[in-house]
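Chains as they are written, first to last, in the working numbering: chain A, -17 to 288; chain B, 181 to 486.
The set of hints was computed from the structure by calculation and includes no laboratory data. If you're wondering where the values come from, they're calculated on a predicted model, not measured in any experiment. Wrong hints could be hidden among the right ones.
Which stretches of chain B does chain A cover? Using the computed rule of at least three CB atoms under 8 Å from a CB of chain A, they are [what the hints assert, rightly or not]:
id	stretch
1	232 to 239
2	266 to 278
3	436 to 445
Yeah, the Cβ is synthetic: ideal placement off N, Cα and C, and Gly gets one too.
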Amino acid sequence: MSDPNLLDYQHRRYGMDHERYEWSMLQDREPVHWPDDKPLALWINVSVQHFPLSGDKPTVAPPGALTMPYPDLRHYTLRDYGNRIGIFRLLEALERHDAQFSLAISGALSMRYPKLLKRLSQTAAEWLGHGWNMNAIHAGDVEEAVEQQWIQDTVAALSEFSSEAIRGWFSPGRIQTARTPELLSDAGLQFHCDWVNDELPYRFATENGGLVCLPSSLELDDVFLLNQNFHSEDSYAQQVIDAADFLIAEGEQQGGRLLSLNFHPWLLGQPHRIASVRHILTELLVNRADKIWNAQPSQIIQLAMG
Amino acid sequence: MAKTELELYDYASWEDRPQIVWPGGAKLAFWVAPNIEFYELDPPTNPHRKPWPHPFPAVPGYSIRDYGNRVGHQRQMDVLDKYGIRGSISLSAALCEHHPEIIDLCLERDWEFFSHGIYNTRYTYGLTEDEEREMIEDAMATIEKAVGRRPAGYLAPALSHSDHTIDLFAEAGGLYTCDLFHDDQPTTVKTRSGRPFVSIPYSLELNDTIAYVVQKMEPRRYGDIIRRSFDQLLLEGATKGTVMCIPTHNYQVSCPHRLRAFDEALEYITSHHDVWVTTGREIAEYYLEHYHEDHVEAPITAGGSS
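Take the sequences, apply the hints, and build the full model.
Here it is, written out as structure tokens:
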């Protein structure tokens, strides 16, 4: 006899096997209508990250994590490149088109690079909490008090620079502990972007009030395609444009759809990659301007969820 | 005790095969096998295999698989509808309980349902023979109750097997297995009960998850290898009669940046007239009726059945 639990099915029932959200298929819901009845909403997020040179390695390594023995100068400085140069190349490309976007920012950057955060506060971007730094991973058995501190410190640090209250949260590596949603709700946050199970925002239950999940696509994430799957820059751009065209066609038939992109300054801000960003933005924001509503996360949530 | 050989089939060289002619004189039998799976967020620990790479809750792995059912399923179904292809579903039986809406959509289209175990987070590893028999029967009975027909085929959950898996499935009334990757034609499989039983070519090479997750392919390359595979199998099908399968997952192939490549590959395949577009069960039944005896070199006797 093996472990009797192996054939014991505690959650075999209608719907999900947990209580975080209701089961439903995208295509079966009431259609969402974006402004001017455009079929596709475009959410661009830029993840502005700090990868510490030292400190304990987290339970789960986030994409882009340092990998070498201390001092891992090669990865530390390559990530830092994003905050010195890459972000400004992305801003130049985005601002040229008056693009709407959000910024998910490591809280620790408020202390390390206040000059950068002041510059970012001059953009029209919506700010999202992105963890204290890229070692502060909300995963596994991290102590609740520690996790709570990371969230509170990050929200407080970003609030000092942002003219608007911080409403959204994007966990480093899109991973959570079993308590992260409760802690986000406790901290007054209204939505997170971590569960990639949908293409429209949906209600996400916690013990102390509801959140919204606004899924940020991992499968189209720049780090996933370029850094982890080794796809070419041209293929990355092609995949983004193919996704937009597919979703525009589906949106015209079935109701508003959402394309979410996540840009990392340390990756896309490299000189050989920035032209792909410009190409994507031209294709989406100029050549498909009549089909695409480019908006910030809170605007998308408000329209999609009423 | 590990055996060196399970003696499931006889050796047969590709140079020396009796010709199979498919219905209507077709050279190639083509089938698409969408895996429609349910992965549990918190399955019991199986000492032989970890279900998730991340600690609980494994948000990245769980949420993208949930995306397949919430978003991807209907997209893939629309593409198969477009080319008149009936899917042969590799089904986690518990999905009949969790998501009956998906079962109903497939029933309306007269798709085939074959067994893929109870959950894709429950492995054959560590089960006693009686427990594995119970699990196989549970899956067969659950699917039969939901769809009105006992499954004919089996792909063991998460491709986890024991020495007895194929014997037990044949004894439960199954006709074919998808677990063997040794051939491009159906192969008679020797089981201890001596029941007529075949292996139907499934494919790991064309499996979207192997292509996208393991081999990290760009979508258009995936479409290209599907077409190359088809061209060769159709050529050889003229003298041998071949089978081609595309196994898919609604969380991989149905992503908006990937569907175009799949759509174009199916358009190419179904534009040929000498192809039998069919299901796993129909291939197994046709082979067993017309060719099975030719390929049985020695009588198979029952033995060892408990």
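Outcome of the hint check:
Under a criterion of three residues with beta carbons nearer than 8 Å to beta carbons of chain A, the stated coverage of the stretch 232 to 239 of chain B is upheld, 5 such residues being counted. Figure legend: the stretch 266 to 278 of chain B, annotated as covered by chain A; annotation consistent (3 residues with Cβ-Cβ distances under 8 Å, at least 3 required). Under the rule that three or more residues need a Cβ within less than 8 Å of chain A, the assignment of the stretch 436 to 445 of chain B holds, with 5 such residues.
Checked against the numbered hints listed earlier, the structure breaks none of them; every hint is satisfied.
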